[in-house]
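Asks: Can you build the whole structure from these sequences, using the hints too?
In the UniProt record's numbering, the protein residues as written are 1 to 395.
Calculated directly from the structure, the hints in this document are not laboratory data.
A hint or two may mislead.
Said to hold, decoys possible - Quick list of in silico lysine-lysine cross-link-like pairs, DSS-like style, CA-CA up to 25 Å:
no. : residue 1 : residue 2
1   : 212       : 338
2   : 98        : 2
3   : 100       : 44
4   : 252       : 366
5   : 208       : 383
6   : 90        : 74
7   : 274       : 26
8   : 98        : 48
9   : 128       : 197
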Amino acid sequence: MKKVDIVYSGWLEAPNGASRFLSGLKLSIDRFSDLNVDMNIISKGDYKEWSTDYKLGRVKNKETLRARIFSIAKRTTIGSLLLLYILYLKNHVYIVNKYKKENRVVDIVYFHEFFTCYAYLKREKQRKEAILLSLHSSGDIWGMFFEAFPLLNVAWLRPLFRYLERYTLSHVDRVGFVADYPRRKFGELYSDFPFDKTFFVYNGLETKSFIKKERDIGSSIIRLICVGTLCERKNQMGILQALASLPNDLQKRYSLTLVGDGNVRNELENFCSKNMHTEVKFVGSVIDVTPYLLNADIFILLSKDEGLPISILEAMRCSLPIISTQVAGIPEMIEDEKSGYLISPDYQRLSLLLVDLLENNVDLIKMGERAKKLFEQKFTKEKMILAYSNLFHSI
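Replies: What follows is the structure, encoded as structure tokens:
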């Protein structure tokens with residue numbers, strides 16, 4: 001029996017991609033056991049009570065306050081460093097210290113966060129277990145990080161980040177990714193790391209059948225939906241700009257539901273109030289996005305950077321055609337013009353596509369069926385479990 005601990009500094013219950021991915025793995029522990037893998041997932045919830053705000057559904061107020069603090073602190077480099085420590089690094093160190101006190105004896109310790117892995121390696125200098133690190137990114141360790149904290153991408157801090165990456169990469173046994181493209185991109189950017197010690201495993205979800213809510217009889221409105229943290233990287237503003245650039249009569253042929261909260265929500269809401277003739281609903285953060293997906297016709301994610309978005313997999317499982325960008329692992333999820341559309345992350349390209357969808361009367365149902373078929377072929381939980389099990393037994 002191969003013993004594997006996954007150590008994660010966040011809440012498994014949180015409404016974000018990494019947490020949903022790991023909570024799905026936790027529900028599969030018995031299946032891993034059938035495959036001779038004794039897996040445990042250690043998260044903040046093992047040492048602290050899950051946030052009452054999330055339990056009671058008061059996510060919006062908490063996220064709004066967090067967004068305001070985030071926005072103010074990010075205006076200076078020092079503020080960004082303090083924010084980085086308070087919101088992130090403190091949690092990474094906390095979870096590592098708690099975990100090490102348990103003195104668990106395992107074959108593999110597996111991390112899905114760079115800083116948690118670094119904190120563990122610095123504390124555990126003499127170890128027997130193998131260390132795995134998966135990067136849920138496009139292959140650049142710092143790409144998403146510097147997008148979140150742009151003022152930290154300065155000359156006097158770069159030696160620090162180079163030290164962090166060199167130390168971590170020189171002490172891990174394998175580096176993993178959620179798609180093939182990020183793995184190859186990592187190989188180009190970090191050529192000193194042996195490519196044969198990298199791997200990728202597609203994210204996977206439980207296979208389920210759903211009944212979609214059809215459009216109201218006589219309605220010609222196409223229902224768009226986007227699920228994700230409201231931030232510059234996810235580029236919800238680009239979706240709004242694309243819709244706002246359409247003639248008023250075409251704008252009214254679409255509706256848009258934005259599921260998620262984040263630090264640009266106020267900016268997005270202000271833009272809508274001044275520029276939009278499309279009906280736009282801001283839902284906020286939710287635990288279960290499925291009811292919203294089943295009430296939509298097309299899923300859109302106009303991200304500038306990604307790994308392999310769980311939100312797209314959830315939409316594919318609900319038989320939605322996908323419009324998304326040619327970044328990271330997303331092209332491995334979409335058959336262009338068959339199960340959806342791959343475009344650049346600029347609003348002008350999306351605007352042209354939205355016009356084409358209306359003028360050419362595209363069969364969205366057929367596209368959605370193809371998306372569901374691709375999900376079943378490549379992205380089921382069972383396929384993911386088998387791939388990880390084979391990986392663990394190979395180490």
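Asks: Which hint numbers doesn't this structure obey?
Replies: Result: hint 7 breaks, nothing else.
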